[in-house]
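Chemist: Listed below are the residues making up each chain.
There are 2 protein chains.
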Amino acid sequence: MFLFQSMKERFVAQEIELNLSLPSLEDQRADEARLRQALEERYQDLLIPLSVLRKLPGLLRESNYQVRVRTAFDGRNWKVQEVLSPQKKGPFWGLGVDLGSTGIVLYLFDFESGEVIKKHSFKNPQIPYGEDILNRLHFADKPERRQKLHEVTVETLRNEIKKILSPHPEEALVYIALCGNTTMSHFFLNLETRYLYREPYIPAVSWIDTLRLKELGLPGHPEGLLFVFPNRGSYFGGDLLAGILASGLHRQEEISILIDVGTNAEVVLGNKEFLLATAGAAGPALEGGILACGMQAAPGAISRVKIDPKSLEVKIETIGGENPRGICGSAVIDLLAELFKAGLLDQRGKFVPERLPERFKQIEGELAFVLVPAKDSATGKPIFVTQGEIKSIIRSKGAMYTILTVLCQSVGLSLKDISRFYIAGSFGNYIDPEAAITIGMLPDVPRERFVPLGNAAGKGTISFLKNYQAFQELKEILNNLTYLEMNVRPEFMQLLTGALFLPHTDLSLFPNVARKLGLVS
Amino acid sequence: MFLFQSMKERFVAQEIELNLSLPSLEDQRADEARLRQALEERYQDLLIPLSVLRKLPGLLRESNYQVRVRTAFDGRNWKVQEVLSPQKKGPFWGLGVDLGSTGIVLYLFDFESGEVIKKHSFKNPQIPYGEDILNRLHFADKPERRQKLHEVTVETLRNEIKKILSPHPEEALVYIALCGNTTMSHFFLNLETRYLYREPYIPAVSWIDTLRLKELGLPGHPEGLLFVFPNRGSYFGGDLLAGILASGLHRQEEISILIDVGTNAEVVLGNKEFLLATAGAAGPALEGGILACGMQAAPGAISRVKIDPKSLEVKIETIGGENPRGICGSAVIDLLAELFKAGLLDQRGKFVPERLPERFKQIEGELAFVLVPAKDSATGKPIFVTQGEIKSIIRSKGAMYTILTVLCQSVGLSLKDISRFYIAGSFGNYIDPEAAITIGMLPDVPRERFVPLGNAAGKGTISFLKNYQAFQELKEILNNLTYLEMNVRPEFMQLLTGALFLPHTDLSLFPNVARKLGLVS
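Respectively, the protein sequence lines represent chains A and B.
Counting the first sequence from 1 gives a position; this note's numbering is that position plus 6.
Counting the second sequence from 1 gives a position; this note's numbering is that position plus 6.
Incorrect hints may have been included.
What the hints assert, rightly or not - For each label pair, taking beta carbons as the anchor points, the in silico distance ranges come out as:
#, chain 1, residue 1, chain 2, residue 2, range
1, B, E491, A, E46, 25 to 31 Å
2, A, P134, B, K94, 35 to 41 Å
3, B, E221, A, G120, 29 to 35 Å
4, B, S27, A, K278, 26 to 32 Å
5, B, D33, A, P379, 26 to 32 Å
6, A, N493, B, K61, 56 to 62 Å
7, B, R218, A, K422, 53 to 59 Å
To be verified - Here are the computed lysine-lysine pairs in the BS3-like style, where the Cα-Cα straight-line distance is at most 27 Å:
#, chain 1, residue 1, chain 2, residue 2
8, B, K61, A, K220
9, A, K148, B, K61
10, B, K220, A, K220
11, B, K168, B, K94
12, A, K154, B, K481
13, A, K316, A, K397
14, B, K481, A, K61
15, A, K321, A, K356
16, B, K220, A, K61
17, B, K124, B, K95
These aren't lab readings, by the way, just hints derived from the structure by calculation.
Note that the Cβ used here is the ideal one computed from N, Cα and C, for glycine as well.
If we strip away everything but chain A, and leave its shape as in the complex, we get (with noise of 0.2 Å):
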């Protein structure tokens, strides 16, 4: 009777076909109880809302009780969401939604091919109300105008999400899913915020039930379902938990470390028995966010450097290829490596200038190397790296590693048994494993337990379109979550110390780059 296709089992919406037997004196069951009935082998007391009531004797009888059904899950129940004569084809569709405190990221995902088939992104509309999270916090204390921060976000999203449909009717998308971080969920949901940034530090929610769109005022069909990642505190986020379940690292046997650098570093280690989090400012610095000459990654950013250890020439590569403007997150690991192996930074992150003096310059009295000259720049500016800079850039990468450190040895771990390195994050899209490692910011263990996710957060979404057990899969990582406050464990300082050294003060941990680089014998 039904048309199995083991994969699409799986999405959180489907589509059957149903060929009913016809009603008739012996057989006088309600049009309901016969959909019901004959559907009752794939979904256990489903939910069948008025809406599909009200069309369905037309629609049985007009299509001689051969009917395409459309179901949803909603984390406890299966619903009809619509019943379509097998004529009617249409386009069934799902969204992720990565609600980034910056930018917003829709993906397009066909319930029918099972692929993401759009992406759409644009920039998050409150930045207007405050350039970083907590300016946006401080505005929301007054509840008009944290009503205005959930209103102009819904806004946009209603406006992006109708252009991303189009010209295909709203009501071919049946589901989104929805992460962001905590005060993102808030904000979005407008729920209050007053007390997610005060001690201490309690969000509204930490589960939301799904929604439907129309709750939210967002576009779709009208039994639509709007899934809002949940939240494992103020500080741990729906996008970390939508990419612990993109890495699937959950579900595994071996235990794995998921890091995700975004504005804070944070970091999961586990499997399925246990996860252990944690989060740390080894961001800013990484992300190229603190430097002079840093950018966000759009046209003209630096995103790769190279130098050749004998030359020394520099080469650059821009996103778009155009003139380069400024630096973005993934070329900072990069150029402090090359300038590392070059020899033009030495192993406590002193610049060597005497190597390459037409490359130093004092700018604004403080030595600093130049990435690209004036001449050379779409600014008409150089672009530099200041020697300061180095030491922050230096100070993220050591807290980073620590972070990791502390992590496993508060479980009796070392890096070297962790089996997968997860990386995500806007940084995820671009960082070159090898670089970090040659910096000391990720441990020098086989290259092949570095498994890039790009965006994570994103994926986990489309993670979640694609297994309606991700519901239980989620409740169940909440359950196993253990937060670890980093300040307070006395190892980190401690610890840190050692990684604020290229690649480290004890180098046998990193004996695959002391080799390369001869900094043994």
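Please build the complex by placing chain B on the supplied structure of chain A, with the hints as guidance.
Modeler: Here is chain B on its own, set in the frame of chain A:
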């Protein structure tokens, strides 16, 4: 932590006082998680809607984490409907609606006291569109007309519900349980009725998943729920299922019979193992509906008749004690029994005018018994019953007795094996079992086996509000229920013949009646 009150713990809507632990750096659970976990002992997998989440942080902090929580069960999940500060006391109500095709009755139920605190009845506003159900079904063949019937019904309910709630705020009403026959439920929900009364008689819906009050535009709490009783086919509606629920026969070991005489006679035989139902046209004559002097139960309607067997003095009682205007259902059986007992009617149902010539008259060419002479009636016209009408009433009472007999025989039982006869229907409010036995409508078994239920449909809606397991019970009733088509039973006509006598041709079936009236030596 909870105020357990055993009875109230079964209600479909409940109120619980909670004293939550305060958040701290050691307990950073989200407000939602704090609430959910405090309620977990009692409700698993609780639903918390957005409306509650939005108010929660402010409310918890204002009330120092002491709150009252109102929950409701939708048949699948418990949902938090409202969180209140302990100071804000207010009414907490449910509503039972008996949506009859003639009259509608509202029962306001107080979830706090567990009592029905108000009753309100009014005419079904569909009547102008068709006096009887079949007329309305024909009318509703066009969708816009069906829509009209839906609209007048909901509109009237809306207004009458507002009246019964007044002057209290609508929010006090958190749950409505509504029952009606299958056509009434379909009109109420605006479901297709065209196939309901055309062979093979298929309803659009049997089981209706719980709706929200606002889906139907009914007054009440924004998160308020609406349960519409299911049906077991075109001719076996939610009103009868509500009656079964009210009787409780589906929970008992012993086998009972439920008799509901409205426009139709509907009978259910069974216990917790099985249920056998049937319906037959026994009703109209018994209800007084076909009598020239018949009328609805309203002021001036004759509701009781007594004839002194010796003096042959006729005494009547009217509703409201007003001057008599006509005969209502409850007096019909009385009248027949009294005429028979007084020897004014013989065993074949023929008048014996010679025993009291002044009370018999030819009216429109037919012999009639004058119950109230013209000079004593409110209308200035005599109130009477004709020989032909007596025949119809006897046919109805005979049909009823035969239905009961066939139903019992079909499972190998005799009427003497039945432990209880639940008598329901507008009928059930007034029927004198002794009179019904005298005329051979009900079997001559010990009188304590007769249990009057009054308006069993209305009572069933209250049984529902008082017992969240009613969802499960109704599903089991639907599963256990077999429908017996009385028209196609060959023994029906055969057995009916004997039942067209007073009380019956086989007097051994009515030993007490026979003895009392000296019909046997």
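Chemist: Against this structure, judge whether each hint is valid.
Modeler: How the hints compare with the structure:
{"no.": "1", "hint": "B:E491 to A:E46: 25 to 31 Å", "verdict": "26 Å, holds"}
{"no.": "2", "hint": "A:P134 to B:K94: 35 to 41 Å", "verdict": "39 Å, holds"}
{"no.": "3", "hint": "B:E221 to A:G120: 29 to 35 Å", "verdict": "33 Å, holds"}
{"no.": "4", "hint": "B:S27 to A:K278: 26 to 32 Å", "verdict": "31 Å, holds"}
{"no.": "5", "hint": "B:D33 to A:P379: 26 to 32 Å", "verdict": "57 Å, violated"}
{"no.": "6", "hint": "A:N493 to B:K61: 56 to 62 Å", "verdict": "33 Å, violated"}
{"no.": "7", "hint": "B:R218 to A:K422: 53 to 59 Å", "verdict": "56 Å, holds"}
{"no.": "8", "hint": "B:K61 to A:K220", "verdict": "20 Å, holds"}
{"no.": "9", "hint": "A:K148 to B:K61", "verdict": "14 Å, holds"}
{"no.": "10", "hint": "B:K220 to A:K220", "verdict": "14 Å, holds"}
{"no.": "11", "hint": "B:K168 to B:K94", "verdict": "22 Å, holds"}
{"no.": "12", "hint": "A:K154 to B:K481", "verdict": "47 Å, violated"}
{"no.": "13", "hint": "A:K316 to A:K397", "verdict": "25 Å, holds"}
{"no.": "14", "hint": "B:K481 to A:K61", "verdict": "24 Å, holds"}
{"no.": "15", "hint": "A:K321 to A:K356", "verdict": "21 Å, holds"}
{"no.": "16", "hint": "B:K220 to A:K61", "verdict": "20 Å, holds"}
{"no.": "17", "hint": "B:K124 to B:K95", "verdict": "20 Å, holds"}
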